[in-house]
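Novice: Read off the chains here:
2 protein chains.
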Amino acid sequence: MSENAATKDSAIVRFRALTTQIKHYEELLGVVYWDMRTGAPRKGIAQRSEAVGTLSSEMFRLSTSAEMGELLDELDGAGADGELTDVDRKLIKETRKEYERNLKIPPELYREYVVLTSQAETEWEEAKAKSDFKGFLPYLKQIIDYNRRFIALWGVKGTPYDTLLDMYEPGTTTADLDRLFGELRHRLVPLAADIAQRGDKPDTAFLQGKFDKAAQKRFSLYTLGQMGYDFEAGRLDESVHPFATGLSTGDVRITTRYLEDDLTSALFGTIHECGHALYEQNVDPKLNGTPLCGGTSMGIHESQSRLWENMIGRSRGFWERYLPELKKEFPAQLEGIEAEAFYRGINVVEPSLIRIEADELTYNLHIMIRYEIEKMLFNEDLEPERLEEVWNAKYKEALGIEPSNAGEGVLQDVHWSGGMFGYFPSYSLGNMYAAQMLKTAERELPTLFEDIAAGRLLPLKEWLTEKVYRHGKMLEPGEIIERITGEPLRSDYLCDYLEEKYKAIYRLG
Amino acid sequence: MSENAATKDSAIVRFRALTTQIKHYEELLGVVYWDMRTGAPRKGIAQRSEAVGTLSSEMFRLSTSAEMGELLDELDGAGADGELTDVDRKLIKETRKEYERNLKIPPELYREYVVLTSQAETEWEEAKAKSDFKGFLPYLKQIIDYNRRFIALWGVKGTPYDTLLDMYEPGTTTADLDRLFGELRHRLVPLAADIAQRGDKPDTAFLQGKFDKAAQKRFSLYTLGQMGYDFEAGRLDESVHPFATGLSTGDVRITTRYLEDDLTSALFGTIHECGHALYEQNVDPKLNGTPLCGGTSMGIHESQSRLWENMIGRSRGFWERYLPELKKEFPAQLEGIEAEAFYRGINVVEPSLIRIEADELTYNLHIMIRYEIEKMLFNEDLEPERLEEVWNAKYKEALGIEPSNAGEGVLQDVHWSGGMFGYFPSYSLGNMYAAQMLKTAERELPTLFEDIAAGRLLPLKEWLTEKVYRHGKMLEPGEIIERITGEPLRSDYLCDYLEEKYKAIYRLG
Chain A
1 MSENAATKDS AIVRFRALTT QIKHYEELLG VVYWDMRTGA PRKGIAQRSE AVGTLSSEMF
61 RLSTSAEMGE LLDELDGAGA DGELTDVDRK LIKETRKEYE RNLKIPPELY REYVVLTSQA
121 ETEWEEAKAK SDFKGFLPYL KQIIDYNRRF IALWGVKGTP YDTLLDMYEP GTTTADLDRL
181 FGELRHRLVP LAADIAQRGD KPDTAFLQGK FDKAAQKRFS LYTLGQMGYD FEAGRLDESV
241 HPFATGLSTG DVRITTRYLE DDLTSALFGT IHECGHALYE QNVDPKLNGT PLCGGTSMGI
301 HESQSRLWEN MIGRSRGFWE RYLPELKKEF PAQLEGIEAE AFYRGINVVE PSLIRIEADE
361 LTYNLHIMIR YEIEKMLFNE DLEPERLEEV WNAKYKEALG IEPSNAGEGV LQDVHWSGGM
421 FGYFPSYSLG NMYAAQMLKT AERELPTLFE DIAAGRLLPL KEWLTEKVYR HGKMLEPGEI
481 IERITGEPLR SDYLCDYLEE KYKAIYRLG
Chain P
1 MSENAATKDS AIVRFRALTT QIKHYEELLG VVYWDMRTGA PRKGIAQRSE AVGTLSSEMF
61 RLSTSAEMGE LLDELDGAGA DGELTDVDRK LIKETRKEYE RNLKIPPELY REYVVLTSQA
121 ETEWEEAKAK SDFKGFLPYL KQIIDYNRRF IALWGVKGTP YDTLLDMYEP GTTTADLDRL
181 FGELRHRLVP LAADIAQRGD KPDTAFLQGK FDKAAQKRFS LYTLGQMGYD FEAGRLDESV
241 HPFATGLSTG DVRITTRYLE DDLTSALFGT IHECGHALYE QNVDPKLNGT PLCGGTSMGI
301 HESQSRLWEN MIGRSRGFWE RYLPELKKEF PAQLEGIEAE AFYRGINVVE PSLIRIEADE
361 LTYNLHIMIR YEIEKMLFNE DLEPERLEEV WNAKYKEALG IEPSNAGEGV LQDVHWSGGM
421 FGYFPSYSLG NMYAAQMLKT AERELPTLFE DIAAGRLLPL KEWLTEKVYR HGKMLEPGEI
481 IERITGEPLR SDYLCDYLEE KYKAIYRLG
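Protein sequence lines correspond, in order, to chains A and P. Position 250 of the first sequence, counted from 1, bears residue number 250 in full-length UniProt numbering, the numbering being contiguous throughout. Position 165 of the second sequence, counted from 1, bears residue number 165 in full-length UniProt numbering, the numbering being contiguous throughout.
It cannot be assumed that every hint is accurate.
[Stated by the list, open to error] In the BS3-like style, the derived pairs of lysine-lysine whose C-alpha atoms are separated by at most 30 Å in a straight line are:
{"hint": "1", "chain 1": "P", "residue 1": "K213", "chain 2": "A", "residue 2": "K210"}
{"hint": "2", "chain 1": "A", "residue 1": "K461", "chain 2": "P", "residue 2": "K394"}
{"hint": "3", "chain 1": "P", "residue 1": "K90", "chain 2": "P", "residue 2": "K327"}
{"hint": "4", "chain 1": "P", "residue 1": "K286", "chain 2": "A", "residue 2": "K43"}
{"hint": "5", "chain 1": "A", "residue 1": "K213", "chain 2": "P", "residue 2": "K210"}
{"hint": "6", "chain 1": "A", "residue 1": "K157", "chain 2": "A", "residue 2": "K104"}
{"hint": "7", "chain 1": "A", "residue 1": "K217", "chain 2": "P", "residue 2": "K210"}
{"hint": "8", "chain 1": "A", "residue 1": "K217", "chain 2": "P", "residue 2": "K43"}
{"hint": "9", "chain 1": "P", "residue 1": "K43", "chain 2": "A", "residue 2": "K467"}
{"hint": "10", "chain 1": "A", "residue 1": "K213", "chain 2": "P", "residue 2": "K461"}
{"hint": "11", "chain 1": "A", "residue 1": "K328", "chain 2": "P", "residue 2": "K286"}
{"hint": "12", "chain 1": "A", "residue 1": "K130", "chain 2": "A", "residue 2": "K141"}
{"hint": "13", "chain 1": "A", "residue 1": "K286", "chain 2": "A", "residue 2": "K501"}
{"hint": "14", "chain 1": "A", "residue 1": "K473", "chain 2": "P", "residue 2": "K473"}
{"hint": "15", "chain 1": "P", "residue 1": "K217", "chain 2": "A", "residue 2": "K213"}
{"hint": "16", "chain 1": "A", "residue 1": "K286", "chain 2": "P", "residue 2": "K43"}
{"hint": "17", "chain 1": "P", "residue 1": "K327", "chain 2": "A", "residue 2": "K43"}
{"hint": "18", "chain 1": "P", "residue 1": "K217", "chain 2": "A", "residue 2": "K210"}
{"hint": "19", "chain 1": "A", "residue 1": "K213", "chain 2": "P", "residue 2": "K327"}
{"hint": "20", "chain 1": "A", "residue 1": "K213", "chain 2": "P", "residue 2": "K286"}
{"hint": "21", "chain 1": "A", "residue 1": "K473", "chain 2": "A", "residue 2": "K328"}
{"hint": "22", "chain 1": "P", "residue 1": "K461", "chain 2": "A", "residue 2": "K43"}
{"hint": "23", "chain 1": "P", "residue 1": "K217", "chain 2": "A", "residue 2": "K43"}
{"hint": "24", "chain 1": "P", "residue 1": "K213", "chain 2": "A", "residue 2": "K217"}
By construction, these hints were calculated from the structure, which means they are not laboratory data.
Take these sequences, add in the hints, and give me the full structure.
Specialist: Structure (structure tokens):
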């Protein structure tokens, strides 16, 4: 493709074709990864990982090719400027950044890493099911080792871990996170302690039933519909670790996990992933097929999933409207439960082992633990062999409880098996972005919570589409939050929100 | 990949790497095609088709690249011969053939065609559901037009249609098929007439019930297990048009279609696709990852699906063993039905509209109709606008019945929407290959039908693995049938088999 076009077209036309080719490969690999995590036969995984490695390497080769370098140099010059659209200019900037980064990695090293992580995700699933930390350790050691080598090749600015953070939340450093997490700790730890000592603990007995999987699935589908998820541009499946994947604006898939003894896992998991999906489904169609079609950072992405999951999905108003619907599926289990009791029950604060099932308040402690461990791995050369021990000690210290096995401990998250070191802070950043955005939304949509209590979720979806979703990667995370709220990211909106919410729930004066 | 390797490695090493790269791309595209036909969201199809077009074009570019030409020339010389394995030699031969063919197609034309057919399969599904021939006609016209242009570019040997046939059954010509179909017509049309006039028609009332989909699915899964389908190397899904796809020996997927008012559709559809899957799962692992990993021709492939579906799955012995199992799922519907009655009922001969639900005898007439229409399209320039009219007239003439709409007529098959003109004859070739192979199997496995009646299906699977499956594309179709049976393909084994079977069922002296 690119070879043929090279002879006749202008630089921008060739550049658009080359970046589109890379995006197309990414889309196809996205389908294959989705498939590997939703039911691909296990005997095919090793061979599939090789095939994935081959195409990923080709993407990598294209993104670091001499042709790419020449096109970027030509387009960075002033000559072509008249021809360029805003989208082109942003595309050039982002592609340049990735070009410079990728150029530092030897292609063979990259290929090995892709094959390794592609296979490791499947191995992780098994190791998690068997709580077999030792069995997964060889993979983990290799993945960490590759990341350490990548950091050395990319070059360290600030601390080594900063180099990883920059991939998920451009511009955010360890110093920023130390400050933000410090502020969160300063206000949230006392709040949690106050709740534990003086709070009026909600009743959660009604959540301890047996909840038929088919009924849970029906309610998940119903909720997605209410949130404005477009089923003609997506589908809901099951996987060990729930995820959302945006392959194009017309194909944004969600997975969830149904636990028969836990109603809330699939319920809030589905709403969470739907928040991601609404973002990807509502990017401006003019960005479709370009590398700018997608969320701008993991922090902003998580702001959308966690805003929908917690600030809407765990709000009082939401359950005024939707508890009667949920009762249609589970009449016996929820008999006599009123909206207020349900609301309090699903917002119980409790030290727990599993991040994705944690309450909004202690959730940030789960993230802090991962953040601290990742910093140790990359800034202090923590030995991977010690991960389980360090993990357990940190849970003991921060939450007062300890995993009884690796499946509910250090192996619980998929991220490390895919090499996603530096991702976890995005969740707490997301919580902070979300609280800050919500403050503005409440001002600009004066009937927001009345609407939600009446089952009108679409005005909020439209507001977020206008402010966040449609821009795709055209705006940086910092630009988004400043444009919406008039100021940079701050931790106190989240602290205020949590304080107000939980003081009321726990009846603290 | 190939670029880097080019500098240091020998020709055969570079050749293996390049053909593996192409095979890897084919495997990834296989996953994407499977996904498109088992539930990909419709709003993503147009964009996905572009992405598929991009990667298919790249495969095409690699297979016709100057590097490929140079490697083939170098390897065709005698110098490298000492290094070459048998697999290498066959790989060189097959790659050369495809290279010569692909070199004649302009890459842009190829890309357009891939995007068109990829999108057309989804459009076909809708058009079929709505019986909208006119709506699908624009796609069909373009696909036919592309095929006519391809034939002109490849060059006509014999007749234009021969050029298409050669892709699915190398070496088979229109002249061969005219002869073979002529022989089939000569013996099978009188047999069908005799059955209609004098036969003792089996009772089929018990097949007209309502059959729960979940129960059908359970029985499909059970049957796959009995046949030795490896579920760790495959999965069963649903699609509008059932298919099997071999992505690697470790990932061979099947789809089926459950009709609540028709027990036999999923039952025999599943066995049919499992026949294809056993072939692909049992190719010698040493061929895995090479382009030789897969069935050698569509005729041999269909011989396996149709041997299992009809000669085993519709045999008397099979139902002696498995009717009691089927009754566990459908006790009311099958109450009082004995194996003999069931066997006769599922083998009723009846002119019908839908090929994939036709009995073994009239099935070949369905194929003849398609063969004749395809010949008209490519050898006599039939206008695509006339396809529905010609289709209906041929059904009227050959089977005495006429479709009431395009969904049960000209739009019933997926093949043409994917551009697969020249494929249909493979089904009847498959029937002939299968009958000829079975004759040898009965001699070499003297307890074959006793085994089947006792539920021991694996000896046959192992015999076929030894004789057919393990060879992959290492042997030509003609070599396979000659090695097994000692003679080339003949029509009379099929005619003998059908005569014997149906005279007994219809109690004709």
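Novice: Evaluate each hint against the coordinates.
Specialist: Do the hints match the structure? See the list:
no.	hint	in the structure
1	K213(P) - K210(A)	holds (26 Å)
2	K461(A) - K394(P)	violated (56 Å)
3	K90(P) - K327(P)	violated (49 Å)
4	K286(P) - K43(A)	holds (15 Å)
5	K213(A) - K210(P)	holds (26 Å)
6	K157(A) - K104(A)	holds (15 Å)
7	K217(A) - K210(P)	holds (26 Å)
8	K217(A) - K43(P)	holds (23 Å)
9	K43(P) - K467(A)	holds (24 Å)
10	K213(A) - K461(P)	violated (38 Å)
11	K328(A) - K286(P)	violated (56 Å)
12	K130(A) - K141(A)	holds (19 Å)
13	K286(A) - K501(A)	violated (40 Å)
14	K473(A) - K473(P)	violated (47 Å)
15	K217(P) - K213(A)	holds (19 Å)
16	K286(A) - K43(P)	holds (15 Å)
17	K327(P) - K43(A)	violated (33 Å)
18	K217(P) - K210(A)	holds (26 Å)
19	K213(A) - K327(P)	holds (28 Å)
20	K213(A) - K286(P)	violated (43 Å)
21	K473(A) - K328(A)	violated (41 Å)
22	K461(P) - K43(A)	holds (20 Å)
23	K217(P) - K43(A)	holds (23 Å)
24	K213(P) - K217(A)	holds (19 Å)
Checked against the numbered hints given earlier, the structure breaks hints 2, 3, 10, 11, 13, 14, 17, 20 and 21 and satisfies all the rest.
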